Amino acid sequence: MLGAASKRQHTNPPARADALAEIVLLDHDGNEVRLGDFWQSREGPAALVWLRHYG
Amino acid sequence: MDRAREEFEAAGANGVLIGQLTPRHAAHFRRRQDIQLPVLADEKRESYKAAGAKIATMSELLGPKVVAKGTALAARTGLRQGRTLGHPAQLGGAMVITPDGTVAWSHMADNAGDNASPEEILAAVRDAARAVRGTG
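Protein chains in written order, with this note's numbering: chain A, 788 to 842; chain B, 308 to 443.
Okay, chain A solo, but in the shape it has when bound (with noise of 0.2 Å):
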C-alpha cells in the first residue's frame, strides 16, 4: 500500500559523493544539471536536500 516497503529499510549516505557529481537532472527550467556541478570546482560547499514529494 502507497507503495511502502514491507520491510524497514536503512539509510546508506555515502562518504564521497563521486556517484552523485555525474547525475544529470533537469531543473525547473527543463535545463539539464551536473550534480556535482554545485559543488566541484567552487569555493565553498554545496547544501543538497531531497524532498519527500512537492506536495
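Treat the hints with caution; some may be incorrect.
Claimed, not checked - Label-pair restraints from in silico Cβ distances:
#1 Q827(A) - A382(B): 37 to 47 Å
#2 A802(A) - G441(B): 16 to 26 Å
#3 T798(A) - E316(B): 22 to 32 Å
These are calculated hints, taken from the structure and not from any lab test. As the structure is a prediction and not an experimental result, all values here were calculated from the model. The C-beta atom is built at its ideal place from N, Cα and C for all residues, glycine as well.
With chain A's structure known, arrange chain B on it following the hints.
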C-alpha cells in the same frame, strides 16, 4: 531552507532542492512556494538511491510518532502538506558536500517525520565551510 537562503549564501554554500517527478512539477512547486533556490527533477529517483535515501514502511509513514511530529511542525511553521506527488513512500534527506567531493554531513530521513531542520543544515554548512577554508 529557502527562507534561510541568505544565511546559506553568507556561509559560502550553494543550495539545491531535488524532488521527484518532472521539471514542470518542480517549476510549479517553486512558484507556489515562492522558492528562489534551484529545484531539480529526479523522475527516476536516481539521485535518491545514490544518496542512500530509503523507502519507508507504512509505520514509518503513518505511525503515531510520525504523525505527532508532523502535526507539531505544521503548527510551528505554518507549513501544510499538500497532495502527494511521486512515490509516496520515498523519503528524503540532506547532505553537505565539500568541493573535493567529501560528504561532510548527511541526514537521510528514517521516517516521514525525521527531517533535518534548516538550522541543522546551516550549522553543517558552516562547519564544512570552515574546514574548507582551513579555519575549522
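We went through each hint and held it up to the structure:
1. For Q827(A) paired with A382(B), a C-beta distance near 40 Å keeps the hint of 37 to 47 Å intact.
2. For A802(A) paired with G441(B), a C-beta distance near 21 Å keeps the hint of 16 to 26 Å intact.
3. Remark: the range hint 22 to 32 Å for T798(A) to E316(B) is upheld by a beta-carbon distance near 28 Å.
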